[in-house]
Amino acid sequence: GAVVSQHPSWVICKSGTSVKIECRSLDFQATTMFWYRQFPKQSLMLMATSNEGSKATYEQGVEKDKFLINHASLTLSTLTVTSAHPEDSSFYICSASVEWGQGNSPLHFGNGTRLTVT
Amino acid sequence: AQSVTQLGSHVSVSEGALVLLRCNYSSSVPPYLFWYVQYPNQGLQLLLKYTSAATLVKGINGFEAEFKKSETSFHLTKPSAHMSDAAEYFCAVRGGKLIFGQGTELSVKP
Numbered sequence: 001g002a003v004v005s006q007h008p009s010w011v012i013c014k015s016g017t018s019v020k021i022e023c024r025s026l027d028f029q030a031t032t033m034f035w036y037r038q039f040p041k042q043s044l045m046l047m048a049t050s051n052e053g054s055k056a057t058y059e060q061g062v063e064k065d066k067f068l069i070n071h072a073s074l075t076l077s078t079l080t081v082t083s084a085h086p087e088d089s090s091f092y093i094c095s096a097s098v099e100w101g102q103g104n105s106p107l108h109f110g111n112g113t114r115l116t117v118t
Numbered sequence: 001a002q003s004v005t006q007l008g009s010h011v012s013v014s015e016g017a018l019v020l021l022r023c024n025y026s027s028s029v030p031p032y033l034f035w036y037v038q039y040p041n042q043g044l045q046l047l048l049k050y051t052s053a054a055t056l057v058k059g060i061n062g063f064e065a066e067f068k069k070s071e072t073s074f075h076l077t078k079p080s081a082h083m084s085d086a087a088e089y090f091c092a093v094r095g096g097k098l099i100f101g102q103g104t105e106l107s108v109k110p
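Protein chains in written order, with our numbering: chain L, 1 to 118; chain P, 1 to 110.
Some hints could be false.
Some chain L residues near chain P, calculated using beta-carbon distances under 8 Å [what the hints assert, rightly or not]:
1. 5
2. 17
3. 18
4. 19
5. 43
6. 46
7. 49
8. 93
9. 103
10. 106
11. 107
12. 109
13. 110
14. 112
15. 114
These are calculated hints, taken from the structure and not from any lab test. On a predicted model such as this, the values are computed, not experimentally measured, just so you know. All C-beta atoms in this analysis are idealised placements derived from N, C-alpha and C, irrespective of residue type, glycine included.
Isolated chain L, as found in the complex (with noise of 0.2 Å):
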């Protein structure tokens, strides 16, 4: 149980293309989903923790403009790296939890997208 499916795993752009991103969680609804981002031998860095039928919360120095979420039902949430960038290249990986209001409630992972922007 608790499987997250993302989709797709990799994606090669060119420079000024938008590309979505989408996390499903196919076994159980997710009313909190969240964004990753991971940089090659480096640790994951929360992008934004995205909010069924609300706005996402992005984390300090994220631009929302550039990394548009969309979380409009309990089983998928988007993200859209809009106008990307050579340097928005990078593993991109979304979780959710079965239940985040509980305080052990473990993240689930999706596989991750590699994005290459050229």
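Based on the hints, put chain P in the right spot on chain L.
Coordinates of chain P only, in the frame set by chain L:
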């Protein structure tokens, strides 16, 4: 603020040897702690979590971790390393969000 520190960015062991990955936490309240494993180009998989029900927590793949409040530690161990254990391991503490340590890369030599 809550945080975790992983001691050692890289640990190398021989196959069959003990695995010890260190994690120390900082928290003003009883912490919720987790260990995750990440294989190359994949997401994170939960190994185990500390729920305060027991100080010794058993996880998947033969891993376990012991919560020691006096040492503010939550070290991950496995009695006998296997080649398939080679991966990146992250300790994390839960507050309003999940905060990760810097990660420890485990290498297993044949």
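* Compare the structure with the hints numbered earlier in the document and write down the numbers of the violated ones, lowest to highest. => 1, 2, 3 and 4
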